[in-house]
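Enquirer: Given the coordinates of chain A, assemble chain B with the ligands onto it according to the supplied hints.
Going down the list, the sequences are from chains A and B. Taking numbering that gives the first Met the number 0, the leading residue of the first sequence gets 0, the next gets one more, and so forth. Taking numbering that gives the first Met the number 0, the leading residue of the second sequence gets 0, the next gets one more, and so forth.
No wet-lab data here; the hints were simulated from the structure. In this text, a Cβ means the ideal position worked out from N, Cα and C, and glycines have one as well. Misleading hints may appear alongside valid ones.
According to the in silico footprint, chain A covers these stretches of chain B (three or more CB under 8 Å from chain A) [as the list claims (entries may be wrong)]:
(1) 67-76
(2) 189-198
(3) 253-264
Label-pair distances were calculated between CB atoms; the ranges are [unchecked claim]:
(4) B:34 x A:212: 22 to 30 Å
(5) A:162 x B:275: 49 to 57 Å
(6) A:138 x B:275: 52 to 60 Å
(7) A:78 x B:232: 57 to 65 Å
What the simulated footprint calls covered on chain A by chain B, stretch by stretch (three residues with Cβ under 8 Å from a Cβ of chain B suffice, anywhere in the stretch; the number is not a length) [as the list claims (entries may be wrong)]:
(8) 118-132
(9) 144-152
(10) 162-169
(11) 256-266
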Amino acid sequence: MSESGYADTQPRMGFFTDTSVCIGCKACEVACKEWNLVPASGSSGDGEMDLLGLSYDNTGDLGSNSWRHVAFIEQQVPASRVDNLGMPTIGAPDQQDETGVRWLMSSDVCKHCTHAACLDVCPTGALFRTEFDTVVVQPDICNGCGYCVPACPYGVIEKREDDGRAFKCTLCYDRIGDGLEPACAKACPTESIQYGELDVLRLRAAERKQELHADGVTEARLYGENPDDGVGGTGAFFLLLDEPEVYGLPPDPVVTTRDLPGMWRRAGAAALGVAAAVVASFVGARR
Amino acid sequence: MSRARGPDRDQQRSAQGTGRAQPSRRERAMVEPAEFRSYYGRPIVKEPAWEQPDVPLYLFLGGAAGASASMAAMARVSDLPRLARAGTLVAAGGSLASVAALIHDLGRPERFLYMLRVFKPTSPLSVGSWILAPFSGLATVSTVSLLTGKLRPIGTLAGNAAGLLGPAMCTYTAVLLADTATPAWHEGRRELPVLFAGSAATSGAGAALLLVPTREVAPARNLGLAGAAAEVVAEHRLEHNLGVVSETYRHGRAGTLLKAGKALTAVGAGLSLLSTRSRVASVAAGAAYLAAGVCTRFGVYTAGVASSRDPKYTVVPQRERMAQHGSAVQ
Ligand code: SF4
Ligand code: SF4
Numbered sequence: 000m001s002e003s004g005y006a007d008t009q010p011r012m013g014f015f016t017d018t019s020v021c022i023g024c025k026a027c028e029v030a031c032k033e034w035n036l037v038p039a040s041g042s043s044g045d046g047e048m049d050l051l052g053l054s055y056d057n058t059g060d061l062g063s064n065s066w067r068h069v070a071f072i073e074q075q076v077p078a079s080r081v082d083n084l085g086m087p088t089i090g091a092p093d094q095q096d097e098t099g100v101r102w103l104m105s106s107d108v109c110k111h112c113t114h115a116a117c118l119d120v121c122p123t124g125a126l127f128r129t130e131f132d133t134v135v136v137q138p139d140i141c142n143g144c145g146y147c148v149p150a151c152p153y154g155v156i157e158k159r160e161d162d163g164r165a166f167k168c169t170l171c172y173d174r175i176g177d178g179l180e181p182a183c184a185k186a187c188p189t190e191s192i193q194y195g196e197l198d199v200l201r202l203r204a205a206e207r208k209q210e211l212h213a214d215g216v217t218e219a220r221l222y223g224e225n226p227d228d229g230v231g232g233t234g235a236f237f238l239l240l241d242e243p244e245v246y247g248l249p250p251d252p253v254v255t256t257r258d259l260p261g262m263w264r265r266a267g268a269a270a271l272g273v274a275a276a277v278v279a280s281f282v283g284a285r286r
Numbered sequence: 000m001s002r003a004r005g006p007d008r009d010q011q012r013s014a015q016g017t018g019r020a021q022p023s024r025r026e027r028a029m030v031e032p033a034e035f036r037s038y039y040g041r042p043i044v045k046e047p048a049w050e051q052p053d054v055p056l057y058l059f060l061g062g063a064a065g066a067s068a069s070m071a072a073m074a075r076v077s078d079l080p081r082l083a084r085a086g087t088l089v090a091a092g093g094s095l096a097s098v099a100a101l102i103h104d105l106g107r108p109e110r111f112l113y114m115l116r117v118f119k120p121t122s123p124l125s126v127g128s129w130i131l132a133p134f135s136g137l138a139t140v141s142t143v144s145l146l147t148g149k150l151r152p153i154g155t156l157a158g159n160a161a162g163l164l165g166p167a168m169c170t171y172t173a174v175l176l177a178d179t180a181t182p183a184w185h186e187g188r189r190e191l192p193v194l195f196a197g198s199a200a201t202s203g204a205g206a207a208l209l210l211v212p213t214r215e216v217a218p219a220r221n222l223g224l225a226g227a228a229a230e231v232v233a234e235h236r237l238e239h240n241l242g243v244v245s246e247t248y249r250h251g252r253a254g255t256l257l258k259a260g261k262a263l264t265a266v267g268a269g270l271s272l273l274s275t276r277s278r279v280a281s282v283a284a285g286a287a288y289l290a291a292g293v294c295t296r297f298g299v300y301t302a303g304v305a306s307s308r309d310p311k312y313t314v315v316p317q318r319e320r321m322a323q324h325g326s327a328v329q
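Next comes chain A alone, as it looks inside the complex:
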């Protein structure tokens, strides 16, 4: 049995997103929409294009109509840390500047948690765990109760307003079942998005982190790779170049069902309190 409770019929599949080589082309966003027939979305969800004014990010966040989201972060850093892409400029190159802009770009996606809150709380069984250890919604079962939406510690899954049901990344369940890689990974021109067996990806990620550290990029860190984190590690994990919250990721997410036994105990005790109070209220009341 795997940690998530699935009988091991085949290895767990996942994503390693190496943000250090992301160029912000958004090919993943487009490929995902094309393959999965995800409706057009501005951030307002009305299908109109939205210009958010947040660098090059006009998607804003993950949601029912955005299963991949490329974040763009512009940071002021010492000039020595600016990536020189050798782009043509106008006028003499200005090397005297003490600071420059560093770009952080990262393609975010459903984490396919080992302990997935969305799946835990779904009352209908619409959300289920596949043989690849991924987390998928069955649209023919979901009744749009919306419980999964606030349950996800990463703010991934969302109700599609005009449809009523919840939608999110399926890790291209229909493609990987046929031995294809997910659409986003296929489209990624820099192999920032890598798809494969999770064990292999974890090794590769550890190597990549060491390589970057050796090159002096000491801020490189892995996010979601640790099986001891609050969600038991994620099936889609990341190499980041700054703190997770800078990318809009929670720094220490937990699956809240972890605390469920304690919560039921509290609620049970409170219910007994109600029962006792009701009984006590009738002392001496008999006519």
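Expert: Using the frame of chain A, we list chain B with the ligands on its own:
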């Protein structure tokens, strides 16, 4: 479209680097502003997808129904027919309305029976559905028997069974809210069951104070006082013991609603002391309690929404936890 679009542009810009939470003026003196970083100040977790007023009403009605059913069962054995009757009617009416609110909130209402497709202990909504469905059925049977005078023994049996389920009706909704990543609800997981138990007791008592003649109203008065005490304690803890997240229970619309709820509870409790002598006082106390219940439930709901809209309430508590226990990010 209810997607929260957080703080204004200026703050979004500044939130890029190190953002500073802006505390209200009154608070500035007492609390260090929380330092946190974020992605343009945008929310991390999603706002609860439920509609207002559906879900806050579902919480209120279910709680009032649960306490009323238990009261009705006790009133039957204590030979207080008017109190038993009122409790039975409120239990059925409240729980059926609660079911209606829940179904209305579904994205696919025609699939409401899918709630009973499986029983999932990890899902408080599944467990809750398996409490709410039999409860509302039993309460309805009991009411029909009461109103028609037919099948009295079965009606009594059903009413007593509903009375046994009543306390569970009062508190399961607290777990429903607490088992989410919504900071105000999850951080308040220890206090919410007590608050909801107290609020259900005052609401159930309020309905009885409104409907029952003075000579039978004493138990409702007693229950209301006990509920009010539990509410005050739990609310104080929510407002002060949850670190930065407590702000969401004190400020904004949630703060206003919860303050109004507290004031109305106090008025209800005070007036209820006269309820065995004055019918007018009894009715006024009942109305105050019911209004308090509505304010409290909407207040808790609103605090949850506010806490999900500002990344501060997600990032700061998690950072504090990491500082205590070490980081999982390597
Ligand atoms: S990231 Fe959210 S939506 Fe994806 S599996 Fe985890 S809990 Fe579910
Ligand atoms: S909205 Fe659908 S997928 Fe989400 S918890 Fe409800 S039934 Fe499950």
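Enquirer: State for each hint whether it applies.
Expert: Going through the hints against the structure:
no. : hint                      : in the structure
1   : 67-76                     : holds (count 4)
2   : 189-198                   : holds (count 5)
3   : 253-264                   : violated (count 0)
4   : B:34 x A:212: 22 to 30 Å  : holds (27 Å)
5   : A:162 x B:275: 49 to 57 Å : holds (55 Å)
6   : A:138 x B:275: 52 to 60 Å : holds (57 Å)
7   : A:78 x B:232: 57 to 65 Å  : holds (58 Å)
8   : 118-132                   : holds (count 7)
9   : 144-152                   : holds (count 8)
10  : 162-169                   : holds (count 4)
11  : 256-266                   : holds (count 8)
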